[in-house]
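Asker: Using the sequences and the accompanying hints, generate a full structural model.
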Amino acid sequence: MHYDSLSSMIKSTAAVPPQGPLALVLVEDDVEVATTLRHHQQIGFKSIIACMPRGFSLPRDLEDTVIRVDYDMTVPAAMQSAVNLLITSLPEGTWMYYCFNAEYLFHPFCETRTVGEMLAFHNEERRSAMLTYVVDLYADDLHEFPNAVALDRAYLDKSGYYALARPDEKGHPRERQLSFFGGLRWRYEEHVPAARRKIDRIALFKTKPGLSLREDHTFSDAEFNTYACKWHHNLTSAICSFRTAKALKLNPGSTFDIPTFKWHNSAPFEWHSRQLLDLGLMEPGQWF
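Residue numbers (the working numbering): 1 to 288.
Worth flagging that the hints you see were computed from the coordinates, not collected in a lab. All residues carry an ideal CB built from backbone N, CA and C; glycine is no exception. A hint or two may mislead.
[Claimed, not checked] For lysine-lysine, the following DSBU-like pairs were computed, each having C-alpha atoms within a straight-line distance of at most 35 Å:
hint, residue 1, residue 2
1, 230, 170
2, 158, 46
3, 230, 46
4, 262, 208
5, 11, 208
6, 46, 208
7, 262, 230
8, 158, 230
9, 158, 11
10, 208, 170
[As the list claims (entries may be wrong)] Per label pair, the in silico range of CB-to-CB distance:
hint, residue 1, residue 2, range
11, 169, 141, 44 to 54 Å
12, 59, 8, 21 to 31 Å
13, 222, 144, 11 to 21 Å
14, 262, 2, 22 to 32 Å
15, 163, 5, 33 to 43 Å
16, 164, 223, 33 to 43 Å
17, 194, 255, 16 to 26 Å
18, 257, 144, 36 to 46 Å
19, 263, 54, 37 to 47 Å
Answerer: The structure is reproduced here in structure tokens:
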């Protein structure tokens with residue numbers, strides 16, 4: 001299905017099946033669009049909406065299985081606008097996820113368990129949102145891969161991650177909220193605006209009336225921004241993303257300062273949840 005706008009998609013009663021989970025993929029450029037969509041199909045999302053420029057093409061199998069919407073990601077607040085419009089349009093309680101192209105969601109045991117099974121367990125723990133860490137991926141050779149994207153030669157940072165208390169308006173730490181940092185945004189922070197250095201994103205959440213996403217990837221409901229409930233640790237997931245590496249290499253202000261992203265704490269990315277669990281980049285909680 002192909003729609004010329006999100007509004008026209010929402011008006012079509014046949015556009016989005018009522019059951020979740022639903023994935024929204026925001027396409028900023030033509031890099032790894034098909035692999036992003038296929039990955040999220042394979043891990044179990046029931047419906048996938050691809051918001052992408054009109055001039056981009058998709059393989060035939062994805063044209064038949066993905067809900068395509070013409071969308072301009074260059075306009076201000078494009079990400080929040082798309083997510084918030086869907087929040088107000090989907091049935092209350094629908095599990096929803098959002099990401100950008102060249103980003104790949106991994107959850108604990110995703111090789112044998114679907115994202116729907118994980119969210120069913122998370123729902124039983126009375127959680128309405130899930131914290132995800134955006135883990136930077138980058139190509140090993142920037143001369144061979146000048147946009148820093150190479151699926152079969154991807155690397156990640158195996159250390160260098162940390163968290164800071166998230167203050168409220170009075171400067172007091174917010175309950176069960178932390179801001180997480182690391183990866184390329186930390187190593188090359190001189191090229192990244194301070195407001196965009198966090199690597200935490202509440203990318204999985206349940207829709208409800210009055211809920212809205214903010215520019216910093218947090219929600220208007222404070223409980224949605226917590227990393228765990230009050231009584232024990234909860235599940236978290238990881239979004240393995242080439243987005244930051246791609247931006248740093250395509251930005252004229254930073255590209256010449258970065259001959260390689262590899263350093264002594266780089267490790268080949270294995271495309272397996274076990275590596276992310278072992279590195280502490282996601283948490284299985286009570287889901288064994």
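Asker: Now, for every hint given, state plainly whether the structure supports it.
Answerer: Consistency of the hints with the structure:
no., hint, verdict
1, 230 <-> 170, "22 Å, holds"
2, 158 <-> 46, "32 Å, holds"
3, 230 <-> 46, "31 Å, holds"
4, 262 <-> 208, "42 Å, violated"
5, 11 <-> 208, "19 Å, holds"
6, 46 <-> 208, "19 Å, holds"
7, 262 <-> 230, "39 Å, violated"
8, 158 <-> 230, "29 Å, holds"
9, 158 <-> 11, "45 Å, violated"
10, 208 <-> 170, "28 Å, holds"
11, 169 <-> 141: 44 to 54 Å, "46 Å, holds"
12, 59 <-> 8: 21 to 31 Å, "23 Å, holds"
13, 222 <-> 144: 11 to 21 Å, "45 Å, violated"
14, 262 <-> 2: 22 to 32 Å, "40 Å, violated"
15, 163 <-> 5: 33 to 43 Å, "39 Å, holds"
16, 164 <-> 223: 33 to 43 Å, "20 Å, violated"
17, 194 <-> 255: 16 to 26 Å, "21 Å, holds"
18, 257 <-> 144: 36 to 46 Å, "19 Å, violated"
19, 263 <-> 54: 37 to 47 Å, "40 Å, holds"
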